[in-house]
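Engineer: Chain by chain, the residues run as shown.
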Amino acid sequence: MNGVITWLTDPLNWSGSDGIPGQTLTHLWYSAISLFVACLIAIPLGLAIGHTGRGRFFVVNLAGAARAIPSLGLLYLMVLWLFPKLKGDSAFLVPSLIVLIVLAIPPLMAGAYAGVEGVDPAARDAAKGMGMTGMQVLGKVEVPNALPLILSGFRSATLQVIATATLAAVAGTGGLGRFLIDGQKIRDYPQMAGGALLVAVLALVVDLLLAVVQRYVVSPGLTGRGAGPARGSRRRSPNRNLGNTPLDVDIPSTTRTVDPQTP
Amino acid sequence: MTWFLDHIPEVLRLAWTHAYLAGIPLVVGLALALPLGWLARRYSWLYAPFTAGFGLLYTIPSLALFVMLPLFTGYGILSPVNVVIALSLYTLALLVRTVADGLGAVPDHVQNAATAMGYTRGKRFFAIELPLAVPVIAAGLRVAAVSNVSIVSVGTIIGVQQLGLLFSDGFNRDFYDPLVVGIIGCVVLALLFDGIIILLARLLTPWQRATGGRA
Numbered sequence: 001m002n003g004v005i006t007w008l009t010d011p012l013n014w015s016g017s018d019g020i021p022g023q024t025l026t027h028l029w030y031s032a033i034s035l036f037v038a039c040l041i042a043i044p045l046g047l048a049i050g051h052t053g054r055g056r057f058f059v060v061n062l063a064g065a066a067r068a069i070p071s072l073g074l075l076y077l078m079v080l081w082l083f084p085k086l087k088g089d090s091a092f093l094v095p096s097l098i099v100l101i102v103l104a105i106p107p108l109m110a111g112a113y114a115g116v117e118g119v120d121p122a123a124r125d126a127a128k129g130m131g132m133t134g135m136q137v138l139g140k141v142e143v144p145n146a147l148p149l150i151l152s153g154f155r156s157a158t159l160q161v162i163a164t165a166t167l168a169a170v171a172g173t174g175g176l177g178r179f180l181i182d183g184q185k186i187r188d189y190p191q192m193a194g195g196a197l198l199v200a201v202l203a204l205v206v207d208l209l210l211a212v213v214q215r216y217v218v219s220p221g222l223t224g225r226g227a228g229p230a231r232g233s234r235r236r237s238p239n240r241n242l243g244n245t246p247l248d249v250d251i252p253s254t255t256r257t258v259d260p261q262t263p
Numbered sequence: 264m265t266w267f268l269d270h271i272p273e274v275l276r277l278a279w280t281h282a283y284l285a286g287i288p289l290v291v292g293l294a295l296a297l298p299l300g301w302l303a304r305r306y307s308w309l310y311a312p313f314t315a316g317f318g319l320l321y322t323i324p325s326l327a328l329f330v331m332l333p334l335f336t337g338y339g340i341l342s343p344v345n346v347v348i349a350l351s352l353y354t355l356a357l358l359v360r361t362v363a364d365g366l367g368a369v370p371d372h373v374q375n376a377a378t379a380m381g382y383t384r385g386k387r388f389f390a391i392e393l394p395l396a397v398p399v400i401a402a403g404l405r406v407a408a409v410s411n412v413s414i415v416s417v418g419t420i421i422g423v424q425q426l427g428l429l430f431s432d433g434f435n436r437d438f439y440d441p442l443v444v445g446i447i448g449c450v451v452l453a454l455l456f457d458g459i460i461i462l463l464a465r466l467l468t469p470w471q472r473a474t475g476g477r478a
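If you read the sequences in order, they're chains A and B. With this note's numbering, letter number 49 in the first sequence gets 49, and the count goes up by one each step, no holes. In this note's numbering, each number is its position in the second sequence, counted from 1, plus 263.
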């Protein structure tokens, strides 16, 4: 324990691009790029599937199957395969980023899909009855209503990416995982444990920040936040208290869904 | 393929270790989650701190938890005990909420009927509430089982023997076969766990078959 504190408080470890602040920034940077790309792919797809009801089978199974694939194995496989095809620093970085993106897609898509799927049909019908087009229904009714689940999908994707970005250090990329891997190579336990502590703190801080965002971005009509008794909405929304575990994005089982469109 | 055929005993040995490293935590986690979930249900003010608190635990990346645990447990970094403890904590984190929600989903009229028939609180829990919560708990357990199998392979980095060893073996030798066999082994193991839990849940809820899913 003392060794860990010594390592964490050693000024040498706090300077330079491979010091603690530098590696934290690198870690966050890789995570942010991967999440951004994954969002661009997964959210429109999830919204489209939720809106049209087509391809439900695909999302439900993808989210389950993705959980079974070991991320470390996928990482090694991708590096082994792409490393000879790339040059310079990108040879380490690109395979890792691809794995991070691939792993972030299922929770993001599941969140977007389940959110839209779970919108009260009465609200959707009312919007259609008011003359809204399909895109307006999606943008003005479905997305705001689905926001709690979209954001909890984003939270689990973020955690997954931060955790896997740590593993990516075995493939030679930067980030806080470096301390764990480099420490392990030279049997320097204080460095490993210090790195582990930093990763855990980073994940906790990011998750708490996202929890706060989730609380304030979602419409007060859904969270019940600030709703006066005059509106009679003391009742709490069923979507409150959503966290980061995979169970928070509960995809309705296909077998139980009654779909009037299927013959 | 020939690599696999030549190394079947070794792969099976690793798979077996992998199975118990992922399986023991499921049992431990469930055993701890049942009383905690019940408490969160019984005293509703405990629900929010419990689910939020265990949610935080789930936030810690697995590799970080594996490396930090020796500080608290006193076992060496190479000891598989740390992996088992870490996964038990993850399973617990996931299941406390599931158990509380599953118990909460038991309809009031069913509970009242049981009380009217003379069931005591304890008997009602074991004979009525717990069995009716089985489908929900099983769904949570399936998620935990599948992610446990995947997380165990991360133990490779700290040198714990299991299927993940084949990943690093293949990677270090620039040789796809062990790597692919390791990944397929992990997926097969996850599917096996999933199947066993589905089967157990079916056996424990015979009324679901009799009524076509309407409990």
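Treat each hint with caution, since some may be false.
Facing chain B, according to a computed beta carbon distance under 8 Å, are these residues of chain A, among others [to be verified]:
| hint | residue |
| --- | --- |
| 1 | Val60 |
| 2 | Ile69 |
| 3 | Leu72 |
| 4 | Leu80 |
| 5 | Phe92 |
| 6 | Gly139 |
| 7 | Thr166 |
| 8 | Asp182 |
| 9 | Ile186 |
| 10 | Tyr189 |
| 11 | Pro190 |
| 12 | Leu209 |
| 13 | Val213 |
| 14 | Gly243 |
Simulated coverage check for chain B against chain A, where a stretch passes if three residues somewhere in it have a Cβ under 8 Å from a Cβ of chain A [claimed, not checked]:
| hint | region |
| --- | --- |
| 15 | 277-290 |
| 16 | 311-318 |
| 17 | 366-373 |
| 18 | 384-396 |
| 19 | 459-469 |
In case anyone wonders, no lab produced these hints; they're calculated from the structure. Fair warning: this is a prediction, and the values are worked out from it, not measured in the lab. Even for Gly, the Cβ is constructed at its ideal location relative to N, Cα and C.
Engineer: Now, for every hint given, state plainly whether the structure supports it.
Structural biologist: Verification of the hints:
no. : hint    : in the structure
1   : Val60   : 13 Å, violated
2   : Ile69   : 6 Å, holds
3   : Leu72   : 5 Å, holds
4   : Leu80   : 6 Å, holds
5   : Phe92   : 13 Å, violated
6   : Gly139  : 31 Å, violated
7   : Thr166  : 5 Å, holds
8   : Asp182  : 12 Å, violated
9   : Ile186  : 13 Å, violated
10  : Tyr189  : 6 Å, holds
11  : Pro190  : 10 Å, violated
12  : Leu209  : 12 Å, violated
13  : Val213  : 15 Å, violated
14  : Gly243  : 4 Å, holds
15  : 277-290 : violated (count 0)
16  : 311-318 : holds (count 4)
17  : 366-373 : violated (count 0)
18  : 384-396 : violated (count 0)
19  : 459-469 : violated (count 0)
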